[in-house]
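All chains, please: the whole structure from these sequences, using the hints.
Residues per chain are reported as follows:
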Amino acid sequence: MTTTLEHTETSAEPRGGGLARYQNFGTAVVAGVIFAWIGWFIARKLFWSSSDNFSDQVATMTAVGWMIGFWIGIGAFNAPFRWLLGNDNSRDDDLYYAGYKQGRARYWKYTTDHKVVGVQYIIVTMSLLGVGGILAMAIRTELIVPGTHFVNQQVYNSFIAIHGMVMILALIVAVAGPWGNFVMPIMVGARDMAFPRLNALSLWTLVSAAVLLVTVLAVGGLPVGWVVLGTIADQAGVGMDFFAMAIVVFTVSTTVASINLITTVITMRTKGMTLDRLPIFVWGTIITAVLALYAFPFFFVAELNQLLDRTASTSFYIAAGGGTSWLQANLFWLMGHPEVYVILIPAVAALFEISSTMARKPLFSYRTAVGAMVALSGLSALVWAHHMFTSGWAPTLGGPFMVTTELISIPTGIFFLVLVGTLWRGNVWMKLPTIWMFGFIFNFIIGGVTGIYLSDVPLDEQLHGTMFVTAHFHYIFVGSVLFGAIAALAYWFPKVTGRYLDERMGRYSFWLVFIGVQITFGAMFLSGLKGMPRRDASYSLAFEHTNFISTLGAYIIMSGMLVLLGAVITSWRRGEPSGPNPWHANTLEWQVPTPVPLENFLEEPVITQDPYHYGEELVGQ
Amino acid sequence: MSIADIEPQSEMHGGTPGHHESPEKVDARQRVGIWLFIGADVVTVAALLFTYLYLRGVDTAGHWMSMVGFPGHLHTYSEWENLYNNGTLGNPKPVYVGVLSAGLQWLTAALTVVSAGVLWFGEKSLRATKNAKAFSPFAIVAMVLTLVGVVVCAIQLGDIPQIFVGANDSITMSYTTYDSAMMAIIGSTLGHLVLLAFLGLGLAIRSARGVISGDKWYQVRLVRYFWVWVAISAVVSTLITTTINTVH
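Quick note, the sequences are listed as chains V and C, same order.
Under my numbering, the first residue of the first sequence carries the number 1, and numbering increases by one thereafter.
Under my numbering, the first residue of the second sequence carries the number 1, and numbering increases by one thereafter.
Because the hints were derived from the structure by calculation, they are not lab data.
Quick reminder that beta carbons are idealized off the backbone N, C-alpha and C, glycines included.
Keep in mind that the hints are not guaranteed to be accurate.
As the list claims (entries may be wrong) - Okay, derived cross-link-like pairs now, SDA-like style, lysine to any residue, Cα gap no bigger than 25 Å in a straight line:
hint: 1; chain 1: C; residue 1: 25; chain 2: V; residue 2: 88
hint: 2; chain 1: C; residue 1: 25; chain 2: V; residue 2: 153
hint: 3; chain 1: C; residue 1: 216; chain 2: V; residue 2: 90
hint: 4; chain 1: V; residue 1: 271; chain 2: C; residue 2: 26
hint: 5; chain 1: V; residue 1: 271; chain 2: C; residue 2: 31
hint: 6; chain 1: C; residue 1: 25; chain 2: V; residue 2: 283
hint: 7; chain 1: C; residue 1: 130; chain 2: V; residue 2: 86
hint: 8; chain 1: C; residue 1: 25; chain 2: V; residue 2: 608
hint: 9; chain 1: C; residue 1: 216; chain 2: C; residue 2: 144
hint: 10; chain 1: C; residue 1: 133; chain 2: V; residue 2: 88
hint: 11; chain 1: V; residue 1: 530; chain 2: V; residue 2: 153
hint: 12; chain 1: V; residue 1: 45; chain 2: C; residue 2: 155
To be verified - If the Cβ cut is set under 7 Å, some of the chain V residues that face chain C in the computed set are:
hint: 13; residue: 83
hint: 14; residue: 263
hint: 15; residue: 294
hint: 16; residue: 313
hint: 17; residue: 321
See the structure below:
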């Protein structure tokens, strides 16, 4: 048998699906709540005591119940049990799971079509950004003037923790989730992802974890910060149990997604799609996936230990029992710094793609760009202890870790070189994706340079724990990654919807967010340089003006993001039609019709050259 | 246009997901997937062993092991409070908190290795004889061996003694860091064995129903890859925890 596509003229609704016909997000939530109650009830019988009637064991079993119920309700266990019983999916079943002829309902189901999963990731990412953004505004509102006004210190710290982790989750999936799923398989000439059911699994496990993470605020919060250091985590209430369980499940989601992305690229490339013809975004996605496969198991074990300490009386991080919080710090940051590049690399790779298309020039130094992404991934595994310079752990390693951290600036410098080299003397098409890309370049310079300061041990001793650090990583995450993610959204939006993202509203949004970022985090740098500590709801009068300015800037960012949300909604419904290839790009996703057919290609494509041959006919003239 | 408008073109082409490719192609893809999954699992097991070795290295407050504790059958706060407040320290009888039974650890590892061997032998036989029905007994034996391993792990976890420690101005019961790390490692082995039992049962049923046949045996090989990795991880973990355990 060959891999040629079979096109059967099927017009009838598929009869398959079995139990999945009755499962969707609604049944998942209902089953999740029921199983959470069952978990709570059983645990209360087993572990209840008069002094602690919602103990850590009870909370953990409630969380486990939620997860199991949600997965049963959405249909995640259907396929494993069908496999167990030797009752594999029929063709109709596969069609049903792919969302065939189900209209909008398929976006609420355990649908396997990679394009549906991509759209689901867009919605999940925007929802997470919304929740994290609301918490950010609550934080900045509290900080508008000195003293505590709206929330007390405990609630403020909970807001900080959940804002931090929700935003981290959102940014981890912000580019690799939607576009790694929607466009990446098409870019390599594949009909779908390698493991379509695992694709749906990664999405819905993320949803179940995200719901649990937000629920933390309703069960006492998490007043110990998003890093949840071992020294203070045991002081947190049952919100900590929900948090740890959410992270454990999130790491599973990430692992499953990474395996799927890598396998798709390794085994499902079309004829002629050699490694040196891979679109640069595909390289960025799989390098990120490899990095995630390495990094997130450490996070899994870090939080599993935390759960065991709280529910099974172990002593991993509890000094009284012989544990040490340095273990938690090491495990956490072994994940924590690679995670920064899991977030950053897909955004940069998307911008490489955009820069070449919009400048109508070949990507500058393609192989160097790939090498820089690989180098950055490798180096990111060797820098984790720079987060622990002031912790007292292994002071003699400060020098080596300072050097490895500063080496990071070489591959990131190459990113600038590739971007600027591609744009240089190009006939740059100043459309919405390009504008957000320029915003990225500006902000990433500031975020990157301030990172070099923080990698320096003596300076880090002074700046650690101040708002300077907060401003630095917000320039990276908001000013850079979020700008890159929005550029990617503007670029691929026509492929998803068949319509342009509204240019006018998009430009308003850009300027509001861009100016807001400079005001908010520029002033935050000043707060930090003056010594303002992080994670404090109240502060000295010395920081009054810079905090007021930061809060003002935050409201401007919020306005810009709301305008962007409006642009997305209105453009999706009635935006200007774009046609299948509005940017006249060469990569495969633009060569297929819009909307994209169920299996992407009418005929299996054959690749004869790399996708960046813009303007090469002029070279010899 | 709305999201729903994406649908009609799908109908035009009438895709048939998952039914275009040869078993060889699907096998090749799933092999890459299982190797990547094993890679992630390697990092997870390595993180558990890192935890074990790190805690042994720091030996905070001498709580790695070598203390007096109580058999690990007390699970509720009320049981702990009763033991502590009523001064019934002689009942249950205190025990010396030392190294866990190396014999049980090696028994678990041996069961995993033997079960992997049985599955591998069954796979070879299946590929040689093309007799799918004859494969079922191998899968069942392998599954039963892993279930015995699950029981041995449960016995090990149940026997871990607890100690009294002071925390947050109160006295509570806890595990030494050695026992904490061992709980995670044994728990990890137990989790892996439960997964293997599920896979073994699936292979047995599928071969009995003819879904696995003399020509369609590749899923057996995929499971065997994972099974062998679990056996290797059990042996490596046991080797480390039985040879590097006390603090001098």
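Status of the hints after comparison with the structure:
1. C/25 / V/88: Distance ~18 Å between residue 25 of chain C and residue 88 of chain V Cα, so the pair holds.
2. C/25 / V/153: violated, 58 Å
3. C/216 / V/90: holds, 17 Å
4. V/271 / C/26: Holds, at about 17 Å.
5. V/271 / C/31: holds, 20 Å
6. C/25 / V/283: holds, 23 Å
7. C/130 / V/86: Status holds; Cα separation ~18 Å.
8. C/25 / V/608: holds, 23 Å
9. C/216 / C/144: holds, 24 Å
10. C/133 / V/88: holds, 18 Å
11. V/530 / V/153: Roughly 22 Å separates the two Cα atoms, so the pair holds.
12. V/45 / C/155: holds, 23 Å
13. 83: holds, 6 Å
14. 263: holds, 5 Å
15. 294: With Cβ-Cβ at 6 Å, under 7 Å, it holds.
16. 313: holds, 5 Å
17. 321: With a closest approach of 4 Å, the residue 321 of chain V hint holds.
When held up to the earlier numbered hints, the structure conflicts with hint 2 and nothing else.
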